[in-house]
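Q: These are the residues of each chain, in order.
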Amino acid sequence: MFDAADLAVFVDADMPGYVSATVNGQRVNGLFRARYAETFGFVGGTQPGLRVHDSLAVLEGDSVLIGAAVYTVATIEPAEPGFNLLKLETV
Amino acid sequence: MSHVRQQIREAAAIVLTGLAISGSRVFQNRLRPLKDADLPCLLINTDDEDIETIGFTADAPQERRLTLMIRALAKQSLTLDDTLDNMLAEIESALARQTFGGLAKSLLLEKISIEMNDDLEKPVGVASAHYQLTYYTATGNPGTAL
Numbered sequence: 001m002f003d004a005a006d007l008a009v010f011v012d013a014d015m016p017g018y019v020s021a022t023v024n025g026q027r028v029n030g031l032f033r034a035r036y037a038e039t040f041g042f043v044g045g046t047q048p049g050l051r052v053h054d055s056l057a058v059l060e061g062d063s064v065l066i067g068a069a070v071y072t073v074a075t076i077e078p079a080e081p082g083f084n085l086l087k088l089e090t091v
Numbered sequence: 092m093s094h095v096r097q098q099i100r101e102a103a104a105i106v107l108t109g110l111a112i113s114g115s116r117v118f119q120n121r122l123r124p125l126k127d128a129d130l131p132c133l134l135i136n137t138d139d140e141d142i143e144t145i146g147f148t149a150d151a152p153q154e155r156r157l158t159l160m161i162r163a164l165a166k167q168s169l170t171l172d173d174t175l176d177n178m179l180a181e182i183e184s185a186l187a188r189q190t191f192g193g194l195a196k197s198l199l200l201e202k203i204s205i206e207m208n209d210d211l212e213k214p215v216g217v218a219s220a221h222y223q224l225t226y227y228t229a230t231g232n233p234g235t236a237l
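Heads up: the protein sequence lines correspond to chains A and B, in order. Residue numbering for the first sequence is 1 to 91, as defined by the working numbering. Residue numbering for the second sequence is 92 to 237, as defined by the working numbering.
Okay, chain A solo, but in the shape it has when bound (with noise of 0.2 Å):
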């Protein structure tokens, strides 16, 4: 079993992507990522998404601060053992 001290290796502000983000109120620490997307063939954007350990609270549609970037929760998902990703919608 993974505990926070585990998981803080992880989500270290050396590692690649990592963000000190707001997420509904509270202050998380997390890798985010927005990669370049295409759905349907022809529409480009991003996949903003935030891995953050899953012992957060945290609900479909809660507000998350990266820097100057707003953006909602719009689902969660399981991803490594110990940590979830948020997928992000922007505002």
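These aren't lab readings, by the way, just hints derived from the structure by calculation. Heads up, a few of these hints could be off.
Taking lysine-lysine pairs in the DSS-like style, the calculated list, with each CA pair at most 27 Å apart, reads [said to hold, decoys possible]: (1) B:Lys196 to B:Lys126; (2) B:Lys196 to A:Lys87; (3) A:Lys87 to B:Lys213.
Facing chain B, from chain A, some residues (calculated, C-beta under 7 Å) [claimed, not checked]: (4) Thr22; (5) Gly44; (6) Phe83; (7) Leu85.
Note that the Cβ used here is the ideal one computed from N, Cα and C, for glycine as well.
We have chain A already, so just place chain B on it with the hints.
A: Just chain B now, kept in the frame of chain A:
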């Protein structure tokens, strides 16, 4: 001399340019991905065509039934379905009784299909209006509508 298919596609683009929601964002046979600045928009494609030759002479008339596809695309968080329906209303009104300057003998809306997807940073929706357009040419002369 361009094929009547192209003439129809270009005429449809002219008729559909300037609608309230899509404005000047009207694209013909676009292949490159659309960016946010391109949306909401209309895509115009001339797709499959059934052809029936009437008679056996060298220049026998051909009845051509072309699928003219108009796709309305929008990307937004709220009321995406309302926007797509409003875009369809604008398309249907603009194309009602259209002959595209006499190129078409009839233009019938046969089907509407809706797709939505939330893979990107905002939901994306496509409303496709499938029109069957009938036009006539002489065999060997596809650039002139009869």
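Q: Tell me the numbers of any earlier hints that the structure contravenes, in ascending order.
A: 1, 2, 4, 6 and 7
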